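So the protein lines, in turn, are chains B and U.
For the first sequence, my numbering assigns the number 2 to the initial residue and increments by one for each residue that follows.
For the second sequence, my numbering assigns the number 6 to the initial residue and increments by one for each residue that follows.
If you're looking for bench data, these hints aren't it; they were derived computationally from the structure.
Please read all numbers here as calculations on a predicted model, not as lab measurements.
Beta carbons are placed, not taken as given, at the ideal position from N, Cα and C, and that holds for glycine.
Mixed in with the good hints there might be a few duds.
[Claimed, not checked] Output of the computed footprint for chain B on chain U, the stretches with three or more beta carbons under 8 Å from beta carbons of chain B:
hint : segment
1    : 39 to 52
2    : 58 to 70
[As the list claims (entries may be wrong)] Covered, in the sense of this in silico footprint (three residues per stretch, anywhere, with C-beta under 8 Å from a C-beta of chain U), are these stretches of chain B:
hint : segment
3    : 30 to 39
4    : 67 to 76
5    : 198 to 205
6    : 209 to 218
7    : 222 to 228
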Amino acid sequence: MNKVQVIFKRELCGYFATPLAYVFIVIFLVLAAVFTFEVGGFFERGQADLQAFFRWHPWIYLVLIPAISMRLWAEERNSGSIELLLTLPVPLWQAVVGKFLAAWCFAGIALALTFPMWITVNYLGQPDNGVIVAAYIGSWLVAGGFLSIGMCLSAATRNQVIAFVTAALVGFVFLLAGFPLVLDFVRGILPGVIVDAIASLSFLTHFEAISKGVIDLRDLVYFGALIGFWLAATAMVLDLKKAE
Amino acid sequence: MPSPAWRRTGFGFGGLLALAVLFLGVVMLSNLALRGMRVDLTQNRLYTLSPGTAQVIAELKEPVTLYFFFSRETASS
């Protein structure tokens, strides 16, 4: 467990040693604010809640999270440092978990820096802060889901651009599976049980359930299983491509 | 014949497939088995039955039929 910590610390410090962290955080905060006020109609809604803020998060993550995850393994493979990392006396799964936790923690820092929104809404009215806490947890879990997908696809290639595009594409599929437009279309063709099964695989379904203010064990199990699956897949892909 | 890569690692694409099936299984099973285990974080417990409601329901002697009318057009506008 100690080695996970070492890799975690090294990776997290690595983000802030380069402009990457600052560029990412600034763009994330600007995008979140633009979507909340311009597209979401935060003031026009006339309600003291952060729904206008949170409902865009999955879509912002769809574009921005692959930008963090694309370099995780593709860069190591391209520069050759993956050889060094994998021959160190660190079990493969610990390297994978350490890198993932660092990236997830970094996404959490970016998310936490949106706190002025929370202060604003508390200043303007009396929002339900329990709902806001739940939605923050949900948003962070969605970020973890996107990260784990991107990490696995980054392990499969040495080209960061390919890693970015494939991660955004697979993430898009996981989002669309719960999008009302798509579900209504599918409902005409397939029986309801299968439609519900497809919807239960989507980030959107679970994120919306959590951001209502109810933390259901099923939603937590979903995100846990999703992240666990993609991390295990990352380790397998790395193992498969060790020789290259 | 298994390929050398397969033999070396013990995993392979079959392993990835098995993992995907396991993931689907866990999500579907949890959807069925873990109903009702939830924490309501809303301030007014919007999604939880109050003790009074629970008591009224417990005292019901006849089956209750609920009719729910919902218009998709008005809901979306």
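A quick look at each hint next to the structure:
1. Residue count for the segment 39 to 52 of chain U with a Cβ under 8 Å from a Cβ of chain B: 12. That meets the three needed, and the coverage hint holds.
2. With 0 residues having a beta carbon nearer than 8 Å to a beta carbon of chain B, the segment 58 to 70 of chain U misses the requirement of three or more and the stated coverage is violated.
3. Counting residues of the segment 30 to 39 of chain B whose CB falls under 8 Å from any CB of chain U gives 0; the rule of at least 3 is not met.
4. A stretch counts as covered by a chain when three or more of its residues have a beta carbon under 8 Å from one of that chain; for the segment 67 to 76 of chain B and chain U the count is 0, and the coverage is violated.
5. A stretch counts as covered by a chain when three or more of its residues have a beta carbon under 8 Å from one of that chain; for the segment 198 to 205 of chain B and chain U the count is 3, and the coverage holds.
6. For the segment 209 to 218 of chain B, the stated coverage by chain U is satisfied: 6 residues place a CB nearer than 8 Å to a CB of that chain, which reaches the threshold of 3.
7. Counting residues of the segment 222 to 228 of chain B whose C-beta lies closer than 8 Å to any C-beta of chain U gives 4; at least three are required, and the coverage claim holds.
Consistency note: the structure conflicts with the earlier hints numbered 2, 3 and 4.
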